[in-house]
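S.K.: Model the placement of chain D on the given structure of chain C, informed by the hints.
2 protein chains.
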Amino acid sequence: MNLVTLDLEGVLIPEMWVAFADAAGMPELRRTTRDEPDYDKLMRYRLDILGRAGVKLEDIQKVIEGLEPLEGALEFLNWLKSRTRVVILSDTFEQFVDPLMRKLGYPTLFCHSLNVGADGFIDGYTIRCRDHKRLSVEGFRKLNFKVFSAGDSYNDLSMLRAADRAVLFRPTDSFAAQNSDLPVAKTHAELRGIFGAFMDGQEVVR
Amino acid sequence: MNLVTLDLEGVLIPEMWVAFADAAGMPELRRTTRDEPDYDKLMRYRLDILGRAGVKLEDIQKVIEGLEPLEGALEFLNWLKSRTRVVILSDTFEQFVDPLMRKLGYPTLFCHSLNVGADGFIDGYTIRCRDHKRLSVEGFRKLNFKVFSAGDSYNDLSMLRAADRAVLFRPTDSFAAQNSDLPVAKTHAELRGIFGAFMDGQEVVR
Chain C
0 MNLVTLDLEG
10 VLIPEMWVAF
20 ADAAGMPELR
30 RTTRDEPDYD
40 KLMRYRLDIL
50 GRAGVKLEDI
60 QKVIEGLEPL
70 EGALEFLNWL
80 KSRTRVVILS
90 DTFEQFVDPL
100 MRKLGYPTLF
110 CHSLNVGADG
120 FIDGYTIRCR
130 DHKRLSVEGF
140 RKLNFKVFSA
150 GDSYNDLSML
160 RAADRAVLFR
170 PTDSFAAQNS
180 DLPVAKTHAE
190 LRGIFGAFMD
200 GQEVVR
Chain D
0 MNLVTLDLEG
10 VLIPEMWVAF
20 ADAAGMPELR
30 RTTRDEPDYD
40 KLMRYRLDIL
50 GRAGVKLEDI
60 QKVIEGLEPL
70 EGALEFLNWL
80 KSRTRVVILS
90 DTFEQFVDPL
100 MRKLGYPTLF
110 CHSLNVGADG
120 FIDGYTIRCR
130 DHKRLSVEGF
140 RKLNFKVFSA
150 GDSYNDLSML
160 RAADRAVLFR
170 PTDSFAAQNS
180 DLPVAKTHAE
190 LRGIFGAFMD
200 GQEVVR
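Protein chains in written order, with numbering that gives the first Met the number 0: chain C, 0 to 205; chain D, 0 to 205.
So here's chain C without its partners, still in its complex pose (with noise of 0.2 Å):
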């Protein structure tokens, strides 16, 4: 039996961090874990800055509210539910993400969590579990499933490599070429066809 984890941002919405920065005119807060391989120094990063210009959690939950999935995510997560069963695991945090999340249809998501003081300011935040997209990854194993995964980016290395099979979700060109041995998908369509042959048991080569 099958599961596929899914990584969130750039594979079923935007990058969100992106999206705040490119809303409140802060374009010092667009690297990403794309850009920033060390989770830790790239949070510590954000939040020092959005204290420093007195941003509050709904000012960045303002600007979530207004975007929407990625074109043609929603079929295919629709579609992808309907044929096996699908968890999203994501170093994202649960009080940004809610909006996403219903028009998205509530899909099983696992992520993190923000300390917001009473004022309203980030003071810091809770990694639920550190590295836990590879820790689910080994435990679904662990229940026999054979796991599919997609990602695009560093945090996601782990997880592509403790799944039975792994897909490249329009990775940087970096980022593609030290994982050279994994297929890449462009569009929802092409992970579609390529999870839809990991479930034949057909091979794909990039």
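Hints in this document: simulated from the structure, not taken from any laboratory. Given the structure is predicted, the values throughout are model-derived calculations rather than measurements. Be aware that a few hints might be false.
It does not matter which identical chain is used: a pair holds within one copy or between any two.
[What the hints assert, rightly or not] List time: in silico BS3-like cross-link candidates among lysine-lysine, alpha-carbon distance up to 30 Å: (1) 141 to 61; (2) 141 to 55; (3) 185 to 55; (4) 145 to 61; (5) 40 to 145; (6) 145 to 102; (7) 55 to 145.
M.R.: Leaving out everything else, chain D in the frame of chain C:
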């Protein structure tokens, strides 16, 4: 961060074997895990009856196509998905349950599979993972989720006891008596109230 695991039959959808037994006029198939705690014994009993009666998988699927989720189950599930993450842990078989999963919006389901011959008869079944309900809950807790569970019968007991907090949904009198420390919900509204209290960290006593 919370995660809810739910039994399926009797909690969100009708007992499928009972529904088939009634539709096919085969009352000997009305036995469920609520009556027989030994699941392998129950399944051998069921498949033996089907084989002798010449019943194929498609005969059972036709009946299940006509079933609906329990009244209020879809609204309950949608509310729960909007508040937390939900994984359904069931000892059903994926070939049986697909039409009802569609009607529930394809929630994440961990279950087993039937072995079906080229002639369409059910030759046997593959338990994906023995005691998977308990092992799944233990796995989710290792990923630092606080796990809340609901179930109605003997095959849920190890799941309910592995969870941080548990509730019985419409249990038999004997199952309720044997687990008198657990709260009981008789309706989905009551179940919603109890899960809400769990999420808010409140005490719930029967």
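S.K.: What label fits residue 141 with residue 61 when the C-alpha limit is 30 Å: within, between, both, or neither?
M.R.: neither (40 Å within a copy, 34 Å between copies)
S.K.: Is it within a copy, between copies, both, or neither that the alpha carbon of residue 185 lies no farther than 30 Å from that of residue 55?
M.R.: For residue 185 and residue 55, neither the intra-copy (35 Å) nor the inter-copy (42 Å) Cα distance is at most 30 Å.
S.K.: When no copy is specified for residue 145 and residue 102, does a C-alpha distance of 30 Å or less occur within a copy, between copies, both, or neither?
M.R.: both (28 Å within a copy, 25 Å between copies)
S.K.: Checking residue 55 and residue 145: alpha-carbon separation at most 30 Å within a copy, between copies, both or neither?
M.R.: between (42 Å within a copy, 28 Å between copies)
S.K.: Reference check for the pair residue 40 and residue 145, CA-CA at most 30 Å: within, between, both, or neither?
M.R.: Cα proximity of residue 40 and residue 145: across copies only (28 Å, versus 33 Å in one copy).
S.K.: Reference check for the pair residue 145 and residue 61, CA-CA at most 30 Å: within, between, both, or neither?
M.R.: Cα proximity of residue 145 and residue 61: across copies only (29 Å, versus 39 Å in one copy).
S.K.: Could you place residue 141 and residue 55 in one of the four classes (within, between, both, neither) given a Cα distance threshold of 30 Å?
M.R.: neither (41 Å within a copy, 32 Å between copies)
Hint check: violations occur at hints 1, 2, 3; the rest are consistent with the structure.
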